[in-house]
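There are 2 protein chains.
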Amino acid sequence: MSAGTLYMLPSPLDAACAPGADTPSAVRECAHRLDYFLVENARSARATLKRLEHPRPLRELDIVELPPEHEGGLLRELLAPVASGRDAAVISDAGCPGVADPGALAARTAHGMGIPVMPLVGPSSILLGLMASGLNGQCFIFHGYLPVEDDARGKTLVELEKQSARLRQTQIFIETPYRNLRMFEAIRKHCRGTSLLCIASALTAPDQFIRTQAIAAWTPEQVERIDRRPTLFLLLA
Amino acid sequence: MSAGTLYMLPSPLDAACAPGADTPSAVRECAHRLDYFLVENARSARATLKRLEHPRPLRELDIVELPPEHEGGLLRELLAPVASGRDAAVISDAGCPGVADPGALAARTAHGMGIPVMPLVGPSSILLGLMASGLNGQCFIFHGYLPVEDDARGKTLVELEKQSARLRQTQIFIETPYRNLRMFEAIRKHCRGTSLLCIASALTAPDQFIRTQAIAAWTPEQVERIDRRPTLFLLLA
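Going down the list, the protein sequences come from chains A and B.
Under our numbering, the residues of the first sequence are numbered 1 to 237, in order.
Under our numbering, the residues of the second sequence are numbered 238 to 474, in order.
Chain A with its partners taken away, still in its complex shape:
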């Protein structure tokens, strides 16, 4: 008996984005054939499946939330039907599962069980932001969140800028949206005015905002646009 496939199914970055703008038709059709989903959040996954116009009533689908990381052992149980031939998909709340989002442990467990893992094309804020930034895409690093505490964050920013200058490396990080303005102030305070900063905010949304310029060139009006909006910061010294 051959194993099923574990698909990694991207979800929209912004609920207002038309599915035709971020989802290839074959990805949509693939989702339509599935009835078993391992998800970050059931409610959000149902919204994603509804948006893709899954042909079956959502209540007939098996939508199971991923266990917390420290209970990763439960994944073997959840993936047992896949090992026995049932296809399934991993869905995170926004963007690509497993990239700056839950889902990686499900994919890793699947590899360990001999289950093929199939990534599907879709929107990723990291990739879209990097493409549009014009910063170095030959060498880059994604850090996730930086420390929240002022001193530690300042030190980290200084360190990232040094590393960027030394290795010509684009430094990519995110922040909880309500702290975006504080993050910008920290960048202005701790990094050189001549370093390039790209801010990519509300990607794929109607109010998407992407701009790259020297840190010193940012105006308060520009910076205000990222307040409480999902934002990616990209720095190149």
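The hints are simulated quantities; they were obtained by calculation from the structure and are not laboratory data.
Just to be clear, a hint being listed does not mean it is correct.
Unchecked claim - Once the Cα atoms are required to be at most 25 angstroms apart in a straight line, the calculated PhoX-like pairs of lysine-lysine come out as:
(1) Lys399(B) <-> Lys426(B)
(2) Lys426(B) <-> Lys392(B)
(3) Lys155(A) <-> Lys399(B)
(4) Lys189(A) <-> Lys162(A)
(5) Lys399(B) <-> Lys162(A)
(6) Lys392(B) <-> Lys162(A)
(7) Lys189(A) <-> Lys155(A)
Treat the numbers as computed from the prediction; the structure is a model and nothing was measured.
Given chain A, put chain B in place with the hints provided.
For chain B alone, kept in the frame of chain A given last:
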């Protein structure tokens, strides 16, 4: 007079992949509206536009190759029509322009000229490989090519493995396809057998091969599948 937009338009990773599998319909429609393209290679860009069924005869489109990096100043001239209101798109040979591919300098120059840069959803081997790898997607680094010379490559691999262990960071790199087997041998020689290695090869192609396992677990039959195929290596110590 308002500026046009510079679109970053992905091209297929594999020519045999159906456009419906890697291109959202709105991205295709966006490409259809354009008649000015800044491209890595004219022949390959024409193939991409033909694949997307651009409605106009290709000879009527302005398809201009990007200048070499050291002549980046020429980009301002090529982008002048965009600053004056004409939309354009950047196309690289495979995958997302500006990410492990030419195009970043065009986007950066556009930002400097006040031209909005708009990234479009499409296939990226780095993103697809990372999604499917099950390795850490919260913190990762893309290095591009490692040194070719044996000693330097060995030292780099040892360094990357240490850094991966210290920071729980997925290390991502590529190799010229005909050197893939030598790269694998170097990884086996210089890294620990217990470190996890994902090999993601021929992504989106009919013979796509993605597998994550401890370095010591790789068999010669598995490794042979990546010979002369475009391949992404992902390492997590």
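Hints, one by one, checked against the model:
{"no.": "1", "hint": "Lys399(B) <-> Lys426(B)", "in the structure": "holds, 15 angstroms"}
{"no.": "2", "hint": "Lys426(B) <-> Lys392(B)", "in the structure": "holds, 11 angstroms"}
{"no.": "3", "hint": "Lys155(A) <-> Lys399(B)", "in the structure": "holds, 22 angstroms"}
{"no.": "4", "hint": "Lys189(A) <-> Lys162(A)", "in the structure": "holds, 15 angstroms"}
{"no.": "5", "hint": "Lys399(B) <-> Lys162(A)", "in the structure": "holds, 20 angstroms"}
{"no.": "6", "hint": "Lys392(B) <-> Lys162(A)", "in the structure": "holds, 22 angstroms"}
{"no.": "7", "hint": "Lys189(A) <-> Lys155(A)", "in the structure": "holds, 11 angstroms"}
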